[in-house]
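Quick note, the sequences are listed as chains A and B, same order. Quick note: this note's numbering has the first sequence finishing at residue 99, numbered continuously throughout. Quick note: this note's numbering has the second sequence finishing at residue 281, numbered continuously throughout.
Since the hints were derived computationally from the structure, they do not count as laboratory data. No residue lacks a Cβ here, since even glycine has one placed at the ideal position from N, Cα and C. One or more hints might be untrue.
[What the hints assert, rightly or not] With beta-carbon atoms standing in for the labels, derived distance ranges:
#1 Thr45(A) <-> Thr19(B): 40 to 50 Å
#2 Pro191(B) <-> Thr45(A): 23 to 33 Å
#3 Pro191(B) <-> Gly67(A): 20 to 30 Å
#4 Ser226(B) <-> Gly67(A): 30 to 40 Å
#5 Pro20(B) <-> Glu95(A): 17 to 27 Å
[What the hints assert, rightly or not] Non-contacting residues of chain B with respect to chain A, defined by C-beta distances greater than 10 Å in every case (computed):
#6 Glu14
#7 Gln18
#8 Asn76
#9 Gly85
#10 Trp89
#11 Lys114
#12 Lys172
#13 Gln181
#14 Leu250
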Amino acid sequence: MSDSCGAPVQGGTIEASTTETVLQGKVLADGTPVGGAYVRLLDSTGEFTAEVVSSPEGDFRFFAAPGSWTVRALHRTGNGQAAVSAEGPGIHAVEIAVA
Amino acid sequence: MSRENVLVSAAWSEENLQTPGVVFAEVDEDTTAYDGGHIPGAVKIDWKTELQDPIRRDFVDREGFEKLLSAKGISNDDTVILYGGNNNWFAAYAYWYFKLYGHQDVKLLDGGRKKWELDGRPLDKEEVTRPTTSYKAQEQDLSIRAFRDEVVDAIGNKNLVDVRSPDEFSGKLLAPAHLPQEQAQRAGHIPSAVNVPWSKAANEDGTFKSNDELREIYAEAGFDGSRKTIAYCRIGERSSHTWFALRELLGHEDVKNYDGSWTEYGSLVGVPIELGSGKEA
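The whole structure should be built from the sequences, with the hints applied where relevant.
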């Protein structure tokens with residue numbers, strides 16, 4: 001990974017025994033997955049931290065740190081956001097509805 | 001430096017897709033987005049396989065760059081419009097790289113692929129081939145490229161602008177939060193660096209903020225306009241984005257990009273490293 005910095009393809013699964021603090025989930029519009037949305041991870045002060053593009057199945061994933069985060073999705077059909085609180089390492093699930 | 005000389009809007013671009021002498025190029029380290037649909041007529045440049053030496057950690061040499069641009073059908077007198085994903089990071093890197101090898105007329109598409117997609121502008125999957133050219137590159141312009149010794153010497157006397165996220169700057173994270181965190185280098189930042197995350201220079205849709213907003217952001221962070229400047233991040237692409245804002249948009253004259261960035265600095269033996277927010281001092 002050290003020679004790369006762009007966002008990887010989203011989706012798939014990772015080991016649940018991870019030592020990382022993972023925030024992952026789907027972007028949805030009326031319950032239907034939205035691919036190609038720009039998903040932004042904002043820290044507890046609202047500052048931008050990272051961005052990925054949701055997979056065709058609407059999946060996104062961040063490797064963050066424990067704390068309070070906001071995930072915000074932008075798509076040509078609409079925007080939306082959700083709050084997520086990660087107390088510690090492990091996988092934290094979150095869904096974002098765009099409209 | 002006027003904004004129009006270095007930056008074009010998505011609207012202007014859509015009107016100029018067929019304009020002779022204007023070449024669009026999508027640049028990314030992962031080119032699957034291009035393959036899934038690109039700006040009509042745009043050629044693809046793979047940051048990883050085409051702009052990086054395959055063995056050593058360095059760029060392709062002058063001759064390699066000439067060969068690449070010739071094969072892409074880009075001429076010395078073409079206006080090259082660069083865009084890409086990841087908020088134009090790799091497009092900004094390529095912009096800097098085109099300048100490094102002396103290309104005269106290169107511009108960024110403001111907002112890159114994101115803005116283009118959010119606007120609902122057309123993308124297609126047509127294979128793009130352009131007639132080959134005989135491109136001639138210049139020797140690298142080292143007035144815009146910083147190397148490690150220069151960076152160590154700059155501690156405390158030049159503006160060192162660390163454009164990574166606050167958590168990477170403080171040493172809490174080793175990479176941006178969309179990537180796994182297992183890395184070989186030490187965490188932290190170069191002493192005396194100010195932290196102005198690249199993202200401060202961009203709006204949510206990926207376009208650059210206005211010059212007035214940019215000036216305020218850097219001034220507030222302690223950027224001293226009378227000093228020379230070196231920007232760095234982790235691998236040199238986010239810092240190209242900031243290098244573009246400082247030199248090409250705001251017109252600061254002596255601004256270098258340290259492409260070795262944290263992956264090099266954080267692996268050096270014996271160099272000073274600072275942890276924390278850096279604001280206590």
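Taking the hints in turn, this is what the structure says about them:
1. A hinted range of 40 to 50 Å holds for the C-beta pair threonine 45(A) and threonine 19(B), which are about 44 Å apart.
2. The beta-carbon spacing between proline 191(B) and threonine 45(A), approximately 25 Å, falls within the hinted interval of 23 to 33 Å.
3. Checked against the hint of 20 to 30 Å, the pair proline 191(B) and glycine 67(A) passes, with Cβ atoms roughly 26 Å apart.
4. Serine 226(B) and glycine 67(A) have their C-beta atoms about 38 Å apart, which keeps the hinted 30 to 40 Å range intact.
5. In this structure, proline 20(B) and glutamate 95(A) break the distance hint of 17 to 27 Å, their C-beta atoms being roughly 48 Å apart.
6. Consistency note on glutamate 14(B): stated as away from chain A, and its beta-carbon is indeed over 10 Å from all of that chain's, at 15 Å minimum.
7. Separation of glutamine 18(B) from chain A is adequate, the least Cβ-Cβ distance of about 24 Å exceeding the 10 Å criterion.
8. Distance to chain A confirms asparagine 76(B) as a non-interface residue, since its nearest Cβ pair spans about 29 Å, more than 10 Å.
9. Distance to chain A contradicts glycine 85(B) as a non-interface residue, since its nearest Cβ pair spans about 7 Å, not more than 10 Å.
10. A beta-carbon of chain A is positioned within 10 Å of the beta-carbon of tryptophan 89(B); the least distance is around 7 Å.
11. With 10 Å as the threshold on Cβ separation, the claim that lysine 114(B) sits away from chain A is violated: the shortest Cβ distance comes to roughly 6 Å.
12. The beta carbon of lysine 172(B) sits about 6 Å from the closest Cβ of chain A, which is not more than 10 Å, so the claim that it is off the interface is violated.
13. With a minimum CB-CB distance of about 6 Å to chain A, glutamine 181(B) fails to clear the 10 Å threshold, and the non-interface call is violated.
14. For leucine 250(B), the requirement that its beta carbon stay farther than 10 Å from each beta carbon of chain A is met, with the minimum near 20 Å.
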